[in-house]
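Enquirer: For reference, the chains in residue letters:
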Amino acid sequence: MEDAYRVQISEFEGPLDLLLHLIKKNEVDIYNIPIAAITRQYLEYMDLLKELNLDIAGEFLVMAATLLQIKSRMLLPVTQEEDDAEVEDPRAELVRRLLEYQRYRDASYLLSSRNLLGRDVFARKFDSPEFADLEQKEEPADVELFELIEAFQRVLARVSVDTFHDVVADGISIADRISEVLSLLHAEKTVCFDALFSDGMTRDLLVVTFLSILELCKLKLIKITQAESLGSIWLTSTSQPDDESEANLQETEGLVVG
Amino acid sequence: MSGKSLRAIIESLIFVHDQPLTLDRLALILEEYERADIRAALEELVEEYSAGERGIVLAQVAGGYQLRSRPEHADYIRRLTKSKGVKFSQSALETLAIIAYRQPVTRAEVEYLRGVDSGGVLKSLLEKKLLRILGKKDVPGKPLIYGTSREFLELFSLKDLGSLPTLKEIQELVPPDPFADQPELPLEVVEA
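For the protein sequence lines, the chains are A and B, in the order given.
Residues 0 to 257, numbered by numbering that gives the first Met the number 0, are exactly what the first sequence covers, in order.
Residues 0 to 191, numbered by numbering that gives the first Met the number 0, are exactly what the second sequence covers, in order.
Hint data in this document are derived by calculation from the structure and do not stem from the laboratory.
Values in this document were obtained by computation on a predicted structure and should not be read as measured data.
Cβ atoms here follow ideal geometry from the backbone N, Cα and C, with glycine treated the same way.
Check each hint, because a few of them may be wrong.
As the list claims (entries may be wrong) - If you want the footprint, here are the derived chain A segments under chain B, 3+ residues with CB under 8 Å: (1) 12–25; (2) 94–103; (3) 116–124.
Can you make the complete structure from the sequences, with help from the hints?
Expert: Given below as structure tokens:
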């Protein structure tokens, strides 16, 4: 019988969204929230979620606790000292957060009502092979750090994690690996990111190699580019290392992973 | 008239380029022309496109100029491309809005404002290249700081971040609070 009941619950983005909904539904002033009534409805909603066996996100519980705390603080009589010091309404912090959240939520409605590229307005797409080739040579785009880390995650995913722990005497140092990568780059000018991570390399070596690439990039000895989104990442040597970067290279000598 | 030919040259450059073309870039390419003339020609072109009943407008987005279809024609174009187009979840839009207005901002700040965990949504927005990592904040834990990208401006047809409506303007666009103007009760009079 109970299954015949169908409760329509709109999805709420979070506790703030739910609270705003309750405030609007009850037509109460946001600056003068009847905490007891709103808290009761808030907890009823949480019970409903529990009945429906939905996981309640931790944030909802934190907000429930906050509401109860505000309520209990409002019940406490104001002491003389506090009265003189003009204590802030216990609800003030919550109201500020609600108003701020409401503003950004309104801003998000406004964003989605704009003319979106690919939905409301369209520009020409350039996917003809001739154009793609042309662009690759002319101006490879600089890679964002995030993409570099993603590429490295793909590399790590290829290597299965050893269940044994091998004790290896000495790992290769980052400085050594930097020299190896540099000599490779001097020979070939451009090296593919993936080519530096050959199969059969240990996880340690993979990490050392990645750190070497980051270090080289920091020393401005190499340039990391990507011709197209999601394409291969390329490393190019910039120029001969000058004295300063040589000196920096010496500093990394001490870093050993292994 | 040279002004007319400059306009035509700029028009073909914008037509061929696959991204919004900036005034800086145009000035660099058209070195034989004055920057002021290029700017004037661009303005005339924008005017020309919007005045005529054309299917294309010259839109100012992401600091540059791009030819785009008229928004009124979206339905027809969707029939052609058969794509549903981009669709964003409310959580993605909220996160974008917060970052657009508050950047540079950390994940913790976004989560405080939204009241919910935002790690997943940040990651997917980064993958869509709508967000950029601007660096690390110099506080304990060195959290990453986020900002919006050029692609964000292109997607939402924004000239620059300054052309976002201010938060105050947004408030005015939303229906006013019925309780806001309620006069205060004259309690003091009663007490006296």
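Enquirer: State for each hint whether it applies.
Expert: Outcome of the hint check:
1. 12–25: Check passed, 5 qualifying residues.
2. 94–103: With 5 residues close enough to chain B, the hint holds.
3. 116–124: holds (count 9)
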